[in-house]
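J.: Sequence:
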Amino acid sequence: MFFNEEFETLPREAIQALQLKRLKAMVARVEKSVPFYKEALAKAGVTSDSIKSLADLQRLPFTYKQDMRDSYPYNLFAVPMEDIVRIHASSGTTGKPTVVGYTRKDIETWSELMARSFVAAGVHKGDIIHNSYGYGLFTGGLGAHYGAERLGASVIPMSGGNTKKQIMIMQDFGSTVLTCTPSYSLYMAEAAKEEGIDFRDLKLRVGIFGAEPWSEEMRLDIEGKLNLSAVDIYGLSEIMGPGVAIECCEAKKGLHVWEDHFIPEIINPETCEVLPEGQMGELVITTITKEGIPLIRYRTRDITSITYEPCICGRTHARIARMSGRSDDMLIIRGVNVFPSQIEAILMGVEGVEPHYVLIVERKDNLDTLEVQVEVGENMFSDEIKHLQALSAKIEKQIKEMLGVTCRVRLVEPKSITRSEGKAKRVIDNRNKA
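Each number in this note's numbering corresponds to the 1-based position in the sequence shown with 603 added.
Wrong hints could be hidden among the right ones.
What the hints assert, rightly or not - Straight-line Cα separation of at most 25 Å, DSS-like style, residue types lysine-lysine; simulated pairs:
#, residue 1, residue 2
1, 767, 806
2, 699, 1018
3, 668, 967
4, 1026, 828
5, 635, 655
6, 967, 1026
7, 989, 768
8, 806, 768
9, 1003, 989
10, 668, 767
As the list claims (entries may be wrong) - The calculated label-pair distances, taken between Cβ atoms and stated as ranges, are:
#, residue 1, residue 2, range
11, 677, 803, 25 to 33 Å
12, 738, 876, 21 to 29 Å
13, 708, 856, 51 to 59 Å
14, 974, 673, 46 to 54 Å
15, 966, 876, 50 to 58 Å
16, 1032, 708, 37 to 45 Å
17, 873, 728, 45 to 53 Å
18, 803, 999, 47 to 55 Å
19, 873, 699, 37 to 45 Å
In case anyone wonders, no lab produced these hints; they're calculated from the structure. What you are looking at is a predicted structure, and each value in this text was computed from that prediction instead of being measured. Every residue, glycine too, gets a C-beta built ideally from N, C-alpha and C.
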């Protein structure tokens, strides 16, 4: 099933020709209307006329999150404010947020790409979409909402919070699709169990989860507890919001990037060298149709790889691997690089522990230490101390063998780790605190 079969199945040559045409047009717009890009492009010695092929993309300058903060709030906008019909901002908790503006055409494009994403995930017009992404400045709620309406499905604008009511609404309204963060879906499953509600009695069949990295092991846990097909979606407010890329329900092997609107690259985050297909690196995205705030080679900091291999679903757009983490979230423990999702994958494979954990990093005597706190089930926590000690030792050994990092695993009682209705906080790094 496709929402826009013509564009979703374009031959590779046609995608590249369209990308080049739209890239040149976008650069021509920003070199005239955005002082920041006018200066950056001149410094790089690039004009729209000098772009002859997609290989010339590598000559263009990178855009960083700090550039957006330095341009706060509207100095990167490429159109007058009278043409901006929507303003969103990042959900960052420190410093100035990154501000994005949308023209009416941008909203139409976003709605189309989210509708494409829903269909790729297995959603159809007759579905009832329970939207638990946050509404407001965060792009998740309204992005999913507009996409659902564009598809023609029924949408329930729940937003986050009030979990018991969310479960009641899903029961009473017959929700068939759930959209939220993966960690919140597990919180819902936990809350439903406390209320004596079995998700198998609900009508949910598809879950579209994003806004935080999650492992394949967590997918299996979610699918088992919520009795649905769990699909990964990717987006970020700076680029558009949700719907930049999504897994198809047929394969679930990589997220299709809508390449008629975005050009993805994978680079070495240290050297900025563009990496070949299949190698892990940092995702860089260039927007080629956005009017409000076009971005050239935006450094997302998300770590993934890319493939152009044909997919069984029939979509021809490139696929990126599910995010293993962010380059700025990567932990370096005594010289070893570790992503929270790698530890999550190990924890999810251990019987007796729950999918709720936090990583605490300290510096003691000039050495970095890592403590993994993970909840255990009710039955396990009431077990003998020696059994808990054996389980801790087992997990420590697996982490050491698989990731090469020494850590201390502390098993904690059920429900002792703070739950989140949005993005889960997985890391507490105390090394730089006074």
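J.: Residue 989 and residue 768: Cα distance at most 25 Å?
T.: violated (40 Å)
J.: Residue 1026 and residue 828 were given as a pair; does the straight-line alpha-carbon distance stay at or below 25 Å?
T.: holds (19 Å)
J.: Using the beta carbons of residue 873 and residue 728, state whether their distance is inside 45 to 53 Å or not.
T.: At 47 Å between Cβs, range holds.
J.: Could you grab the alpha-carbon distance between residue 767 and residue 806 and see if it respects the 25 Å cut-off?
T.: This hinted pair holds, its Cα atoms lying about 17 Å apart.
J.: Measuring from beta carbon to beta carbon, are residue 966 and residue 876 in 50 to 58 Å?
T.: violated (32 Å)
J.: For residue 873 and residue 699, compare the CB-CB distance with the range 37 to 45 Å and indicate the outcome.
T.: At roughly 26 Å between Cβ atoms, residue 699 and residue 873 fall outside 37 to 45 Å, so the hint is violated.
J.: Starting from residue 1003, check that the Cα of residue 989 is at most 25 Å away, please.
T.: holds (21 Å)
J.: Mind checking the alpha carbons of residue 635 and residue 655 for me, to see if they're no more than 25 Å apart?
T.: Holds: residue 635 and residue 655 sit about 19 Å apart, inside 25 Å.
J.: Are the Cα atoms of residue 668 and residue 767 separated by 25 Å or less?
T.: violated (37 Å)
J.: Within 47 to 55 Å or not, the Cβ separation of residue 803 and residue 999?
T.: Since the Cβ atoms of residue 803 and residue 999 sit about 35 Å apart, the hinted range of 47 to 55 Å is violated.
J.: Can you tell me whether the CB distance of residue 1032 to residue 708 sits inside 37 to 45 Å?
T.: With a Cβ separation near 41 Å, residue 1032 and residue 708 satisfy 37 to 45 Å, so the hint holds.
J.: Okay, residue 677 versus residue 803 on CB: inside 25 to 33 Å?
T.: Violated - the Cβ-Cβ distance for residue 677 and residue 803, about 49 Å, lies outside 25 to 33 Å.
This entry does not satisfy hints 2, 3, 6, 7, 10, 11, 12, 13, 14, 15, 18 and 19, going by the numbered hints stated previously.
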